[in-house]
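Enquirer: Single-letter residue listing:
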Amino acid sequence: MKVLRPRSADEALRLFSENPLALPFSGGTDLMVAWNMGSLNGKPVLDLSAIREWIGIRKMPGGLAVGALTTHAELRDHPEIRRNFPLLAAACAAVGSVQIQNRGTLGGNIANASPAGDTFPALAVYEARVRTISRHGRRNIPFLHMFAGVKKTALNQTELIEAVELPFLHAKPARQVFRKVGTRAAQAISKTVAAGLVWLEKGGAIKEFRFALGSMAPTVRRLAAAEAFLKGRTPSSSAIETAAGLLTKDVHPIDDFRSTAEYRLEVSRNILRSFLGT
Amino acid sequence: MARIAVGFAFGAIKKIQFDPCCPWKDAVVADTKDIPGENCVATIEADQPLLAPGRVMHPMEPILLVAHPDRNKVWQAARHVQITYEERDPVLTIEESLARKQLLRGTDNVFKEYLIERGSVKDGFLEAAHIVEGEYRTPPQEHAYIEPNGMAAWVEENGAIVVAGSMQCPYYVQKALKRIFPGRNIRVIQAVTGGAFGGKEDYPSMLAGHVALLALKSRKPVKMLYDRSEDMAATTKRHPSIVRHRTGLTKDGRLTAQDIDIVFDGGAYITLSPVVLSRGTLHATGPYACPNVRVRSRAVATNTPPNGAFRGFGAPQTLFAVEAHWEKIAQETGLDPLKLRRRNLVKEGSVMATGQVLKESVSASEALERCVARASYEAARLSHASVNRKPGPVWKGMGLALVHHGPGFTGSGEVMLASRAAVALNRDGMVSVLAATTEMGQGEATVLTQIVAETLGLDMSLVRVETPDTAKVPNSGPTVASRTTMIIGNILMKASLKLKDKVAKELGAFPTTAKGLKAAGRKLCAKGPLHFEEEYQKPPEIVWNEAAYKGDAYGVYGYEAIIVDLSVDRLTYEVKVDRVFTSTDVGRAIHPDLVRGQIAGGTVQGLGWALTENAVFSRGSMANSQFTNYVIPTFADAPAMDLDIIENPYPRGPYGAKGIGELPHNAPAPAVVAAVRQATGLLITELPVLPEKICHGMLMKKGRTS
Chain A
0 MKVLRPRSAD EALRLFSENP LALPFSGGTD LMVAWNMGSL NGKPVLDLSA IREWIGIRKM
60 PGGLAVGALT THAELRDHPE IRRNFPLLAA ACAAVGSVQI QNRGTLGGNI ANASPAGDTF
120 PALAVYEARV RTISRHGRRN IPFLHMFAGV KKTALNQTEL IEAVELPFLH AKPARQVFRK
180 VGTRAAQAIS KTVAAGLVWL EKGGAIKEFR FALGSMAPTV RRLAAAEAFL KGRTPSSSAI
240 ETAAGLLTKD VHPIDDFRST AEYRLEVSRN ILRSFLGT
Chain B
0 MARIAVGFAF GAIKKIQFDP CCPWKDAVVA DTKDIPGENC VATIEADQPL LAPGRVMHPM
60 EPILLVAHPD RNKVWQAARH VQITYEERDP VLTIEESLAR KQLLRGTDNV FKEYLIERGS
120 VKDGFLEAAH IVEGEYRTPP QEHAYIEPNG MAAWVEENGA IVVAGSMQCP YYVQKALKRI
180 FPGRNIRVIQ AVTGGAFGGK EDYPSMLAGH VALLALKSRK PVKMLYDRSE DMAATTKRHP
240 SIVRHRTGLT KDGRLTAQDI DIVFDGGAYI TLSPVVLSRG TLHATGPYAC PNVRVRSRAV
300 ATNTPPNGAF RGFGAPQTLF AVEAHWEKIA QETGLDPLKL RRRNLVKEGS VMATGQVLKE
360 SVSASEALER CVARASYEAA RLSHASVNRK PGPVWKGMGL ALVHHGPGFT GSGEVMLASR
420 AAVALNRDGM VSVLAATTEM GQGEATVLTQ IVAETLGLDM SLVRVETPDT AKVPNSGPTV
480 ASRTTMIIGN ILMKASLKLK DKVAKELGAF PTTAKGLKAA GRKLCAKGPL HFEEEYQKPP
540 EIVWNEAAYK GDAYGVYGYE AIIVDLSVDR LTYEVKVDRV FTSTDVGRAI HPDLVRGQIA
600 GGTVQGLGWA LTENAVFSRG SMANSQFTNY VIPTFADAPA MDLDIIENPY PRGPYGAKGI
660 GELPHNAPAP AVVAAVRQAT GLLITELPVL PEKICHGMLM KKGRTS
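Keeping their order, the protein sequence lines are chains A and B. Numbering that gives the first Met the number 0 puts the first sequence at residues 0 to 277. Numbering that gives the first Met the number 0 puts the second sequence at residues 0 to 705.
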């Protein structure tokens, strides 16, 4: 087994370009499972965990930059994250178990591109950007453009995630929600996972509405149709019901051995109804 | 080593080819031609082959075995075997088996059937004011023990085969190996075992046959440890069941007739299905007295891996049905489920469906009343009903169940086992316990030590328990059926009394100090340990007629009432069990903490079966054979528990003890169904009670589908 352990970003990029088949490894919480099942045997491992410059949460103009190797536990407990991005803190507290939160990293979670990634709806409504790096330079990718399908990202070969940028919200939302619906109280994969933000006009009409769902399509989705429909409307029960009906414009849940399409859709609608309904 | 299976459910093997590009020279491959004796894994019958003889009956059936000094190369080699086969349309469900889609067994696919009749159900229905029918279904369940099945084997210089591994029943393994390797000396040693729950009752015999065959062929020690996914996919599960009830009651809710039809899915081979079905059949009426009963039961064949023993052994399936049926009766008649149970439960002198008269240690009523009082059941139900009428985040529900369980083997089982166990005083002044009973986390080593120490008047530190090893301990039968404390404990108690008498005769009194025992050991054990072995003796007053299926099916029963208090999320339909109350009659709690451990563990395992454990089968294979997707409860899912022990002694058990291992698993599922019914108004009759089913039910109620 070949393990490459770079100490700096430069060294990581050099080693990765020399070993383009290497598996980037940070917390390893998902990779170890695949490894144990024998599906990755024989591949070299690019262990990124010693790259200090990619760990931690830093202020940047207009927001925060979260290093790719920052763990869910750090995000969950960080005062600036809790103050400015509470849905992300809540999502990190709902990931797997305390042990997984301690090891798993935000960059690793994104690179793994599971349709059920618990942090993704929060990152989608906060309109995060993923900063990537390769020997050809940096890219700043809007979060929703990060995913190409189940377990597929927009990363080029030998490109790595350096940080996730979180722009501060322009104003405090009137209401916000994070809800994970799993299979049990811990160590659960989401059947649906939701994050929502809403801003209201003085008269009660919706000024802006952002809502994202995970596990409801091959990748995380913002509810573009429902968001557009509700803009400028008062959240009456008929408006809410129409918005709930518009879910299927943006998500396409399936039956699998974790749940049913019917359940995923109805429960996602219930979360939306309850969020907008008082 | 690896086990090669083809992954299709049913069909003939046409050709096996070994890819020449693979370096086969270091590998050892075994097939049916290498089996010196019978190609079978003998349990009740010998119908299950050790290696598939030209055709497969289920997708995980082993065809070839490969051993290699390098673990990675085993897998490489396994990928270079090509098997050509002719697949036939498999029988995958109970319905398909009953419809004889293919004939897998005899002329009707039925492995075994039973019929119990008492009185006349026809007359009972004529007398009834209410007749209520219902159908109840339960899924397979995975044991989820700590370590997967694993076994090692080697051949001694004298030709003896030795196998060691994780197991419940060393003498079952020995018996199976004797038919595969006739004429050989077979020694079986239990390695440290972390849980079994029935899942290491029959499968270890298969695994032992595989490793022994390769050890014999390669003349090297061979080890085979399943990983979790292979273990879940290949080894036994709880039998899935369909149980139908037709019940007659008087106007005030007294039972006049119980007509019950049971079908269990046995899987591809008979293995333990007849005895699992027998226990399920005998518990099917619940702990209730009904003058007119008919119970008809069948176990049928399907092209899925054989189902097997699992804590409760058929009783949880049939008790789920009878207990959930009270909710159906309540729904249709308006009668109260608690009052219905009070009216019908068994008391001293009650007669069971087999004609068994319950003479002693009958605690159904006491268990029910104590549990109802501790949970403030009636007040809590009223308060929940008022919560459910108002808006809020959850609906609340409380449900109860009352169950019994006959400890020890069914009917003449214990007589046929004729279990033996021994105690011995050794030269070093220690007393040994010699039994094939296996410790697997349940605490038998502690409890048997206690019984022997108590009987001899010794401190527990002066008693040691010998490793279960067929070369060292007598055949005490399997470690199953809630029988260890009650049956083996009793045999050891008798043996201890003989030892005590003998030593007292020689020395005037039995010494009770370490010093005194050392002196006794030196004096009396110069030529070897002073050894007293006893065999199970059936109490003469317990009478069972196997042919007529009548009489004392079990010497006694344990009883448990359970109350489950839960919340159902109104947005997500997730069920959270908030509190569980149990009142459990164990006869006598030899070790109260271990008894509470059994009750708490059995309860959580039962809640898993009731709520989250959804084994998904596709073409006869388990599709979710990982802990990620086969969802057992974690510690975070375990509710607060109030565990109330009732001690109503059984005079034929050691110090009054009755078995406890399985009883707690019988109770939770129907109580969950009752509680979910109070919370949501939905009576869900098929386990597990997944949020998806509640969601679907609520959408149907609203006349809406997504």
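Just so you know, these hints were derived from the structure itself, not from any lab. Heads up, some of the hints might be wrong.
[Unchecked claim] Calculated cross-link-like contacts (lysine to aspartate or glutamate; reagent style EDC-like; alpha-carbon spacing at most 16 Å):
#, chain 1, residue 1, chain 2, residue 2
1, B, Lys-701, A, Glu-240
2, A, Lys-206, A, Asp-249
3, B, Lys-346, B, Glu-331
4, B, Lys-493, A, Glu-200
5, A, Lys-230, A, Glu-240
6, B, Lys-701, A, Glu-261
7, B, Lys-14, B, Asp-25
8, B, Lys-692, A, Glu-200
9, B, Lys-692, A, Glu-240
10, B, Lys-514, B, Asp-577
11, B, Lys-471, B, Glu-532
12, B, Lys-700, A, Glu-261
[Claimed, not checked] Rough simulated footprint, nothing fancy, chain A against chain B, three-plus residues with beta-carbon under 8 Å:
#, stretch
13, 16-25
14, 156-165
15, 245-255
16, 621-628
[Stated by the list, open to error] Distance windows between CB atoms, simulated:
#, chain 1, residue 1, chain 2, residue 2, range
17, B, Asp-226, A, Ala-8, 43 to 49 Å
18, B, Phe-634, A, Ala-8, 35 to 41 Å
19, A, Ala-173, B, Asp-226, 47 to 53 Å
Ideal placement from N, C-alpha and C gives every residue a C-beta, glycine not left out.
Enquirer: Hint by hint, say whether it matches the structure.
Expert: Hints, verified against the model:
no.: 1; hint: B:Lys-701 x A:Glu-240; verdict: 15 Å, holds
no.: 2; hint: A:Lys-206 x A:Asp-249; verdict: 21 Å, violated
no.: 3; hint: B:Lys-346 x B:Glu-331; verdict: 27 Å, violated
no.: 4; hint: B:Lys-493 x A:Glu-200; verdict: 85 Å, violated
no.: 5; hint: A:Lys-230 x A:Glu-240; verdict: 15 Å, holds
no.: 6; hint: B:Lys-701 x A:Glu-261; verdict: 14 Å, holds
no.: 7; hint: B:Lys-14 x B:Asp-25; verdict: 23 Å, violated
no.: 8; hint: B:Lys-692 x A:Glu-200; verdict: 40 Å, violated
no.: 9; hint: B:Lys-692 x A:Glu-240; verdict: 23 Å, violated
no.: 10; hint: B:Lys-514 x B:Asp-577; verdict: 53 Å, violated
no.: 11; hint: B:Lys-471 x B:Glu-532; verdict: 13 Å, holds
no.: 12; hint: B:Lys-700 x A:Glu-261; verdict: 15 Å, holds
no.: 13; hint: 16-25; verdict: violated (count 0)
no.: 14; hint: 156-165; verdict: violated (count 0)
no.: 15; hint: 245-255; verdict: violated (count 0)
no.: 16; hint: 621-628; verdict: holds (count 5)
no.: 17; hint: B:Asp-226 x A:Ala-8: 43 to 49 Å; verdict: 37 Å, violated
no.: 18; hint: B:Phe-634 x A:Ala-8: 35 to 41 Å; verdict: 40 Å, holds
no.: 19; hint: A:Ala-173 x B:Asp-226: 47 to 53 Å; verdict: 51 Å, holds
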